[in-house]
Amino acid sequence: MQVRVHTTAKHYELEVFRDGFESTVVHHSEQLAGEIQTTPQNAYEVGCKWPVSYVFKAGSLWQPGVYLISLRAKMSGGIVETETFFVLKSHQPGSISSTVLVLATGTYVAYNDWGGANAYRQTLGGVPNDTLAPRLSLNRPWAKGLIRMPEGAPRYADSPDLPPFGHPRYPWLEWSFAYGYSRHCRDAGWATYDRPFAHWAEREGFVIEYLTQHDLHFDPQCLSPYENVILVGHDEYWTAEMRDAIDQHVDAGKNVSRFGGNFLWQIRIEDGGKTQICYKDPLEDPIFKTNKKHLTSTCWDFDFIKRPAACTLGLTGLGGIYTRFGTAAGRASGGLTVYRPDHWVFNDTDLYYGDVFGQDPKIASFEVDGVDYTFRKGLPYPTHLDAAPDTLEILAMTPAVRGEPNHRNYLVNAPLDEFEAIVSVSRSGLNLIQHESLDHIFGAGMMAVFTRNSGTVFNSGTTEWVAGLLDNDFFVCQITRNVLRRLGRSE
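Numbered per the working numbering, the sequence shown spans residues 1 to 491.
Keep in mind the hints are simulated off the structure, nothing from the lab.
Glycine included, each C-beta is placed from N, C-alpha and C at the ideal position.
Any given hint could be a false lead.
To be verified - In silico DSS-like links for lysine-lysine, alpha-carbon gap of 27 Å or less:
| # | residue 1 | residue 2 |
| --- | --- | --- |
| 1 | Lys-57 | Lys-274 |
| 2 | Lys-49 | Lys-274 |
| 3 | Lys-293 | Lys-274 |
| 4 | Lys-49 | Lys-144 |
| 5 | Lys-306 | Lys-293 |
| 6 | Lys-274 | Lys-144 |
| 7 | Lys-89 | Lys-10 |
| 8 | Lys-292 | Lys-306 |
| 9 | Lys-57 | Lys-74 |
| 10 | Lys-49 | Lys-74 |
What the hints assert, rightly or not - What follows is a set of in silico ranges between Cβ atoms, one per label pair, in the way DEER data are often shown:
| # | residue 1 | residue 2 | range |
| --- | --- | --- | --- |
| 11 | Gly-253 | Lys-74 | 54 to 60 Å |
| 12 | Arg-485 | Pro-225 | 15 to 21 Å |
| 13 | Asp-350 | His-294 | 17 to 23 Å |
| 14 | Ser-76 | Val-52 | 26 to 32 Å |
Work out the full structure: start from the sequences and follow the hints.
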């Protein structure tokens, strides 16, 4: 492993540990000479271009998993610490477990604002603005909080009820500003989503192996040794190659367990894996006017992409988006309402039709996925206007809105006009798939299951599912066990 370090400290120390339910330190070095590196002004786009500072080799006895590299230095104000990570894959993939957790590294990169920019905002001339940076380098550090967070720091699920005629509060955002963390520290990353799931799974006795979305992109056969692929948290950004790997896995009669939400954007990876591309507005992407138009970095659900999001994981981000988020369904329960209690997903839960589960830890908050739907005899069914799979069963639901309606509130995150700006290019002759028009602002977050060939896809449809695992919520934990056992072929 090659580590590149910039620091004004004379010396620093480096520690490597496996970040599992039981943390294991595997490497430690002290009194390493600090170096001040020259960094490009647009490092967020072109990378830091730092030379190698330190090299170490993974030991033969190190277990597969996610390893953190912690860098610490004594400064005048105390100890300064930062982290990066790497995934250690099994020497023989599938030999330890038939289940693999795929880290949502495309979304990690999109929200990483180290160097002054990410896929949402950037700093120009020293002034921050909400203009996205379409090209993002992977060769830069991770913003503070994406890889490691203090225990108990607020997350999206901790949003308080919206008071009558009041202004919404965003506790995670307030906390990040107060303690010097990235404003995006709860939007993506190992610390917020994948880590809580991995720790819970290991505590429960589930043995899993690890990959990243970038493994899927560069090695289309990397999933072949596994029966069950786990996706967790916020996996908003995917390349076509990443989707190909998931589709091929299901077509081969294997399974996907998704405990996440907000499947939305197509991205590209260029420069040999060093750069991630996402213009969002298709008219801005140079590839749009070429014969590779279908690879334009924008919403999957634009009809010219010819690959609706729901085809892969059963649900789409544009079918839901926000719930219990500021003024977007700000007083919703935070749970999911059960509609098909006899499904195997609910085995041993004692849940009944109409019950709500997960409302205490607020698993249905932040961003959720759904499809266009209707009701017949008290049960929800997909309309299939958005290419939802023929076999899709909607098991549970919660209301969702595409943005925060403004009742003269002070909104800082996702007002409706931002969504309208994203899809306004439909007025330029580009259309979203049939039901997703500009006036379609209401939807639902859904937990759903579908089958294709003999493969099964479970989709919780909500980014904050892991909040229920952190809270040891009985229903959330039991449903998670049911899914992992059945789709991992352990029962």
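Hints and how they fare:
For a cut-off of 27 Å, the pair hint linking Lys-57 to Lys-274 stands: about 22 Å separates their Cα positions. Of the supplied pair hints, the one linking Lys-49 and Lys-274 holds, its CA atoms being roughly 11 Å apart against a limit of 27 Å. Between Lys-293 and Lys-274, the direct Cα distance comes to roughly 22 Å. Compliance with the 27 Å bound is thereby established for this hinted pair. Taking the CA atoms of Lys-49 and Lys-144, the gap is near 20 Å; set against the 27 Å cutoff, the hint holds.
Pair hint Lys-306 plus Lys-293 holds up; C-alpha atoms about 10 Å apart against a cutoff of 27 Å. In summary, the hint linking Lys-274 to Lys-144 is supported, as the alpha carbons are separated by about 21 Å, within the 27 Å threshold. With a C-alpha separation of about 34 Å, the suggested pair Lys-89 and Lys-10 falls outside the 27 Å cut-off, and the hint is violated. Simply put, Lys-292 and Lys-306 have alpha-carbon atoms about 12 Å apart, close enough for the 27 Å limit, and the pair holds.
Under the criterion of a C-alpha separation no larger than 27 Å, the hint pairing Lys-57 with Lys-74 is consistent with the structure, at around 26 Å. At roughly 25 Å between alpha-carbon atoms, Lys-49 and Lys-74 fall within 27 Å of each other, so this suggested pair holds. Hint check: Gly-253 to Lys-74, Cβ distance near 55 Å, so the stated range 54 to 60 Å holds. Taking the beta carbon of each, Arg-485 and Pro-225 are about 19 Å apart, inside 15 to 21 Å as hinted.
At roughly 47 Å, the beta-carbon separation of Asp-350 and His-294 lies outside the given 17 to 23 Å, and the hint is violated. Between Ser-76 and Val-52 the beta carbons are some 28 Å apart, a value that agrees with the proposed interval 26 to 32 Å.
Hint compliance for this structure: hints 7 and 13 are not met, and every other hint is.
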